[in-house]
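These are the residues of each chain, in order.
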Amino acid sequence: MTETPAIELKGITKRFGSVTANDNVNLQIFKGKILSLLGENGSGKTTLMNMISGIYQPDEGTISINGKQVSILSPKDAYRYGIGMIHQHYKLIDVFTAAENITLGHGSGRLDIEETNRKVKEICDKYGFKIDPRKKVYDMSVSEKQTIEIIKVLYKGAETLILDEPTAVLTPQETERLFDILRNMRNDNKAIVIITHKLSEVMELSDNVAILRKGKYIATVETSKTSPKELTDMMVGYSVSLNINRPKYIGAKPKLSVRFLSCRDAEGVKKLNKVSFTAMGGEILGIAGIAGSGQKELLECISGLHPVDSGEIVFTPDENTRIDLVGKSPTEIRKAGIGMAFVPEDRLGMGLVGSMDMTGNMMLRSWKDSKNRKSPFIDKKTPEKLAKEIWEKLGVVAPSTSFLVRKMSGGNIQKVLVGREIAQKPSVLLTAYAVRGLDINTSYTIYNLFTEEKMNGTAVIYVGEDLDVLLELCDRILVLCAGQVSGIVDARTATKDQIGLLMTKSGRELKSESIAPAGGR
Amino acid sequence: MANETRQSLIRLARREQMKSEYVWGIRIGSIIFALLLGCIPIMTTGNNPFSGFATIINGSLSKPIYFRQTIKIAVPLLGCALAIAPCFKMRFWNIGGEGQITIGAIAASFFALKIAPEGSLPHWGLLLLMMLSAAIAGGIWALIPAYFKAKHNTNETLFTLMMNYIAIGIVAYLQGGPWEGRKGSQIIPMFKSSARLPDVFGVHAGWIIVLLITATMHIYMKYTKQGYEIAVIGDSENTAKYAGMNVERIIMRTMFISGAICGIIGFIIASGANHTLYKGVANGVGFTSITVAWLSQLNAFVMILISFVLAILSKGSQTLQTRLSVPASVSEIVTGILLFCMLGCEFFINYKLIIRENPITGFCEKTVSKAKKICSKLISRNKSNAKEA
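Heads up: the protein sequence lines correspond to chains Y and E, in order.
Residue numbering for the first sequence follows the working numbering, starting at 734 and increasing by one per position.
Residue numbering for the second sequence follows the working numbering, starting at 4 and increasing by one per position.
Next up, chain Y with everything else stripped away, as it sits in the complex (with noise of 0.2 Å):
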């Protein structure tokens, strides 16, 4: 290997605050390779990016460009030496066309629209996108933009491209279709950087395999010569099963069942599309889909925070009991007497207050109940006995249960988060996301909480986005597309292909009709 790297990072530290993000990091980027940096959530490859597209500077270390030490003080100083980053978070604005979005930020002058979209144009023939540069952003999928995002940045001329977590948002085939990309522009010679924590991925794409681990770099590897088990056993330190215990609880009743529910967010967009199926109690059911094809809706609305435009959704706590929950508030569910549980997406946008510690957090769910319902005074006794037992069973790591939660660590925050709602002893457990951003410890922590709570009669609804962790941890799997659900599987019998299929079937034949917003817009 003598030749000389596109770019290369020498003893990399990043610290923020007290804790370390990048720890004496050495990496080499090639010319006509694809590089995957692998590496569990949080273990610094984002920030290491970072560093490289210029919105990040190094404490210490050096970056060196075809052999020539640089400093990168800004994203415009890496588009001068040719990197670009693609993030996991599209930064493209809504009411502008793909190629006004393409030039945006770029030259000076007057803006030739025609100049651009024919030399769009030719980006798109040499890689094999396929886009229409007049068209606007708010009308485009999720693939669409980030095909704009890769074009923005080749037509900047970036010799080198970062794509942090590209996949998260695709469904299998157009995953492959970014994949064929890819490797065509890697065929042009240019260097690609994948960032990912996808083993599959991993295995598929890349000629060399960056591991990085809690901050620190662990080695670089050639694809061909390494196994996903080599490699998970590098990323996580030790060698783990990737086996989920999945008992089956006998006698499984219907707890919840929802009939063509639909609902609309705030700007009057169909969210949800007659939405028809059955929660078991002592089930776990497993919700799979494209980010954004109304998870997020249904568990709101099942939970009573996010209006019903019509349909039911009705709580059975025996055969002959029916308690209809559409248009109930979260207050009047609890009153009710029915068991609800929520682990929102956003933990402490949602389901946390950051700036209190963990006896105001479990505060949030008993703030109402106290020996007088009708005290002004708030009863501080029971929830701090409740955070106490939640520190100790689930080993929160924080130095006491009076530690500011918005100051622990993503997976403590989540424990805290689950113990408070599964310690509500529900009858119905939403979850969304609930291991996103965890070490695979912690993660396995939720998924045996979440079966200890199937095996208690619980319905447990678990919308996640690893389909092999779906496969593994749920009985049923309901997969919806687009608001609509367009499959339910049994998850001991399904395939990955299948599911992906799912993801995208009615998909394209829907768009169109059912899926149009609402007044006109």
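In short, the hints are calculated from the structure, not lab data.
Beta carbons are placed, not taken as given, at the ideal position from N, Cα and C, and that holds for glycine.
What follows is a set of in silico ranges between Cβ atoms, one per label pair, in the way DEER data are often shown: (1) Y/K1158 x E/N353: 35 to 43 Å; (2) E/N249 x Y/S1135: 25 to 33 Å; (3) E/E335 x Y/S1135: 39 to 47 Å.
Coverage of chain Y stretches by chain E, computed from C-beta distances (three or more under 8 Å per stretch; other residues unrestricted): (4) 1056–1068; (5) 1075–1086; (6) 1089–1100.
Position chain E relative to chain Y; hints supplied.
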């Protein structure tokens, strides 16, 4: 590019938790720094800055009468800071204290002017009626922007600010119209003694009311369900909804309480301090109290201290003007510098500056060596000049 390895001169980095000794060190340091900086404007008037500061302290604390006057300034500041604290905790930026005070004062004055002369109510009964009406009027005045915020998500900052001018305008109208005393005087007559707050230890009884509010507010924010609701909304409205809180109602309720306390302060000012109503009844208290609330980080007991410090500065600067004939504007500059430094130091508590090392020290070294060279040259030239001479 010639200079490839450049680095930004100063970078910011978030600090991890600081030890409380350091935090207080920085805060006290910032006050000392502010006082030093404050010397400059005093010096420009040709006075010794130290005697200037001594005058401030002397003029506000040295005699019982000065002390009482200082307390009189502190009372409305503290009261209004307490009033806006729950709003700020909720991240509802109520900068309409000024108007809510004014409206409270109007309501109190109405009863003072209409009922006191009749003598149909006992002294305490009238005062209670004035206080109650002031609280309700201030509360309703504050409820208007809260309603529009809750139902239509209007901007509360602009809304409450604009309401101030309407309230002051109403007083201007009353002064020149229906409540005018002697025709053409543009002045509302003084209250009869039955509508005045009695003195306790030489200061009107407003200080007792405000101290009671302080204790109540502390308990309200810390130990009640409503206080908890306010804290949760301040952190995240979505979390509040998730926990089953009625966010709209809580916003309106909290603003009503805030306006009601402001209204009571208006009653205290009109009935206790001024014994009349005029346009400047709030006199900037609604704004200065924002500083008090912020500096004390919404802690009710710290507010007592901060409002007292600000009162000392305010009273002291009046003395400064009369004794050393330092213009009041200069004392205001000193106060401004102090506030700026006290608020600004919070930045250094939360962030640290990382200054580019090598270039700076390098620059310093270069400058020093250059200076040395020039000096030695000059010295040698001087010597040779001397020899020649």
